[in-house]
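Enquirer: Residue numbers (the working numbering), protein chains in the order written: chain A, 9 to 352; chain B, 9 to 352.
Read the hints as simulated data drawn from the structure, not as lab findings.
Take the hints with a grain of salt, since some may be wrong.
A pair counts as met if it fits within one copy or between any two copies, since identical chains are not told apart.
Cut-off 20 Å, straight-line C-alpha distance, at most; resulting in silico cross-link-like pairs (EDC-like, lysine to aspartate or glutamate) [what the hints assert, rightly or not]:
#1 191 / 39
#2 83 / 47
#3 198 / 152
#4 191 / 75
#5 191 / 73
#6 198 / 75
#7 191 / 74
#8 56 / 23
#9 83 / 152
#10 176 / 75
#11 176 / 23
#12 83 / 73
#13 56 / 97
Protein chains: 2
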Amino acid sequence: MVIAVDAMGGDAAPEVVVAGALEAASQVRGEIILVGPAERLERLLPAKRPPNLRVADAPQVIGMDEDPGRAVKSKPDSSLAVTVNLVRDGEADAAVSAGNSGAFMFLAQVRLRPMAHVSRPAIAVPMPGPRGARILLDAGANVDCRPRHIVEFALMGAIYAEYALGRKNPRVALLSIGEEACKGDESTRKAHELLQMPSAPVDFVGNLEGNGLLSSDVDVVVADGFVGNVVLKVTEGVAQFLLEGLRREAARSLRTRLGALLMRPALRRVKRQLDYADYGGALLLGVNGICVVSHGRSNARAICNAILVAQRAVAGGVRERLAEGLERWAATVTDSESLATQTA
Amino acid sequence: MVIAVDAMGGDAAPEVVVAGALEAASQVRGEIILVGPAERLERLLPAKRPPNLRVADAPQVIGMDEDPGRAVKSKPDSSLAVTVNLVRDGEADAAVSAGNSGAFMFLAQVRLRPMAHVSRPAIAVPMPGPRGARILLDAGANVDCRPRHIVEFALMGAIYAEYALGRKNPRVALLSIGEEACKGDESTRKAHELLQMPSAPVDFVGNLEGNGLLSSDVDVVVADGFVGNVVLKVTEGVAQFLLEGLRREAARSLRTRLGALLMRPALRRVKRQLDYADYGGALLLGVNGICVVSHGRSNARAICNAILVAQRAVAGGVRERLAEGLERWAATVTDSESLATQTA
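From just these sequences and the hints, can you work out the full model?
Expert: Quick look at the structure:
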């Protein structure tokens with residue numbers, strides 16, 4: 009197994025990416041390829057490096073804020089492009105990057121191509137829950153999703169949850185603003201309708217309101233990529249707001265300062281549940297190759313975990329399972345249902 | 009000043025509504041009318057009731073989960089309808105309800121009518137921030153908003169923030185998935201364009217990502233009502249998840265249990281920042297009358313605070329300020345800009 013890592017991706021690249029890859033090298037079964045300006049990367053590596061870590065040269069770098077389309081076109085030898093190319097050319101099984109996520113998704117879709125029966129690949133992010141994680145998708149690969157795209161997300165999310173969370177017949181919910189089928193914007197209402205059809209490829213449990221995202225008993229939550237991305241970042245922001253508020257408020261008296269000190273282990277455990285560094289990266293589901301999209305602010309631990317996510321996805325055969333599930337679905341849909349879905 | 013309160017609205021009505029109204033009666037300068045089945049309400053009131061609290065009879069009740077349109081039609085004498093009618097007929101200055109919010113908004117729009125230059129009234133909710141509150145709108149009065157509706161929200165939000173938060177030239181941001189103008193779904197991108205036009209009636213500071221909702225230095229955040237409602241509820245859910253997680257984790261050892269006990273004052277202060285009971289209710293901006301929409305799970309304190317929100321809105325002349333601001337905007341927009349806005 010070979011995992012290609014974009015060494016220049018992320019706010020603190022390449023230093024933290026190299027550190028994360030070194031950390032991961034001792035844990036993965038397989039090889040890690042660090043992609044970026046070779047000389048610069050070699051200087052960051054220790055004299056005695058792990059035998060399963062090597063460097064692939066890529067002289068150009070795509071900045072975090074560059075326009076994806078333009079950057080990909082003008083920088084054919086960027087670390088991100090070369091990372092994805094390694095997967096396309098069969099030289100690596102997975103690509104990991106904390107860099108410009110728009111450019112990463114653009115490259116993944118154009119170079120690796122969407123899988124059969126997938127019109128829109130989607131980003132799947134694990135979210136915590138009281139009795140176990142759930143998968144949120146799409147967390148930002150798409151905007152202006154059509155209802156049928158959301159059905160695809162539901163199927164891909166369910167297959168992924170079955171494998172990654174070990175859930176039999178994952179329960180899939182649709183993020184909306186009320187439980188009734190009539191609630192939501194036009195695209196959500198139509199997606200609800202499609203997900204309730206006999207051909208719907210998942211165990212659809214209905215709409216889920218925002219306050220149930222982390223508390224309800226579901227395995228997969230689907231949404232348009234715009235909504236999913238806003239929600240993912242709001243979750244991050246609220247957690248940060250509360251934990252920082254707690255720190256600030258606790259500092260105000262000796263009593264609460266002491267309390268905070270004693271509570272530290274509990275605080276740390278809660279904090280970790282919503283810490284992206286802990287889950288490492290999100291999978292881009294629906295392209296021909298394993299792609300792990302990491303947070304731009306990833307630290308070394310996040311990069312290491314992202315590489316481990318990639319390893320598990322390759323070893324677990326996520327791509328093969330998705331291909332199989334999508335094929336089975338396509339075969340069972342009746343003509344009239346297919347028509348309804350295709351025009352939605 | 010007269011405030012009409014739907015006594016039958018909310019999960020724990022009429023008991024908590026009556027309790028909340030009694031609590032508010034000693035604080036408001038003006039009269040409170042409790043609207044609902046008179047006999048039932050009279051039985052809940054103490055023998056010696058406040059002189060500024062009276063009951064108006066309304067025999068019917070609209071359930072929390074009833075279809076708004078159908079319920080309004082089939083129950084002309086519902087507590088909610090009579091509450092709104094009192095405002096329409098000039099017998100009350102404001103309407104407060106924790107009941108079926110869809111039915112409340114439907115009644116408000118049909119009976120009180122949108123103000124001049126407003127095509128879509130919007131729900132404005134205060135959200136906490138490190139250096140003071142900000143206003144989020146629309147928090148769920150609309151779905152499938154058009155770009156020009158979002159410009160209306162921006163103007164109404166800015167006028168409201170100026171008055172309610174005491175901000176001069178409020179800074180208005182657009183919720184999206186990236187800071188660049190090109191980020192977001194179609195409607196958001198177009199709204200960004202309109203908000204940047206010379207005629208735009210607000211100080212537009214650009215896009216805001218979800219993680220900045222509670223941390224960035226803005227006064228007003230605008231979004232489509234679907235997104236705004238999901239975000240509002242996700243905020244509630246994440247706060248609950250973290251605080252419950254903290255309670256559960258703290259219970260695991262003597263050390264952390266003691267810590268939690270000592271930290272209680274700090275925990276309570278942080279919790280209050282995101283507690284809807286503390287802000288009481290959200291204003292429906294853009295209709296001819298003050299309407300305060302409260303959370304269905306409101307307790308007596310929330311109802312009392314909602315009545316105080318209504319009082320401040322009436323006393324502060326929110327409606328008059330909005331009318332004036334909307335008029336000024338309409339007068340300054342050039343023909344070509346107006347055309348661009350109207351067709352968006």
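Enquirer: Decide, hint by hint, whether the structure agrees.
Expert: Comparing the hints with the structure gives:
1. When the C-alpha separation of residue 191 and residue 39 is checked against a cutoff of 20 Å, the pair qualifies neither within a copy, at 49 Å, nor between copies, at 36 Å.
2. In the homo-oligomer, the alpha carbons of residue 83 and residue 47 lie at most 20 Å apart inside one protomer (19 Å), although the nearest pairing across protomers, at 77 Å, exceeds that limit.
3. In this assembly of identical chains, the alpha carbons of residue 198 and residue 152 lie at most 20 Å apart whether taken from the same copy (14 Å) or from different copies (13 Å).
4. Within a single copy, residue 191 and residue 75 get their C-alpha atoms only as close as 36 Å, which misses the 20 Å cut-off; across copies the closest is 10 Å, which meets it.
5. When the C-alpha separation of residue 191 and residue 73 is checked against a cutoff of 20 Å, the pair qualifies only between copies, where the shortest distance is 11 Å, while the shortest distance within a copy is 36 Å.
6. In this assembly of identical chains, residue 198 and residue 75 lie within 20 Å of each other by CA distance solely across copies; the values are 18 Å between and 32 Å within a copy.
7. Taking the shortest alpha-carbon separations for residue 191 and residue 74, only the inter-copy value of 12 Å comes in at or below 20 Å, while the best intra-copy value is 38 Å.
8. Proximity of residue 56 to residue 23 under the C-alpha cut-off of 20 Å is restricted to the intra-copy arrangement: shortest distance 17 Å within a copy versus 73 Å between copies.
9. For the identical chains of this complex, residue 83 and residue 152 are neighbours neither inside a copy (28 Å) nor across copies (38 Å), given an alpha-carbon limit of 20 Å.
10. Within a single copy, residue 176 and residue 75 get their C-alpha atoms no closer than 41 Å, and across copies no closer than 35 Å, so neither meets the 20 Å cut-off.
11. Taking the shortest Cα distances, residue 176 and residue 23 never come within 20 Å of each other, neither inside one copy (41 Å) nor across copies (44 Å).
12. Only within a single protomer do residue 83 and residue 73 lie at most 20 Å apart by alpha-carbon distance; the minimum there is 14 Å, versus 55 Å between protomers.
13. In this assembly of identical chains, residue 56 and residue 97 lie within 20 Å of each other by CA distance neither inside one copy nor across copies; the values are 29 Å within and 84 Å between.
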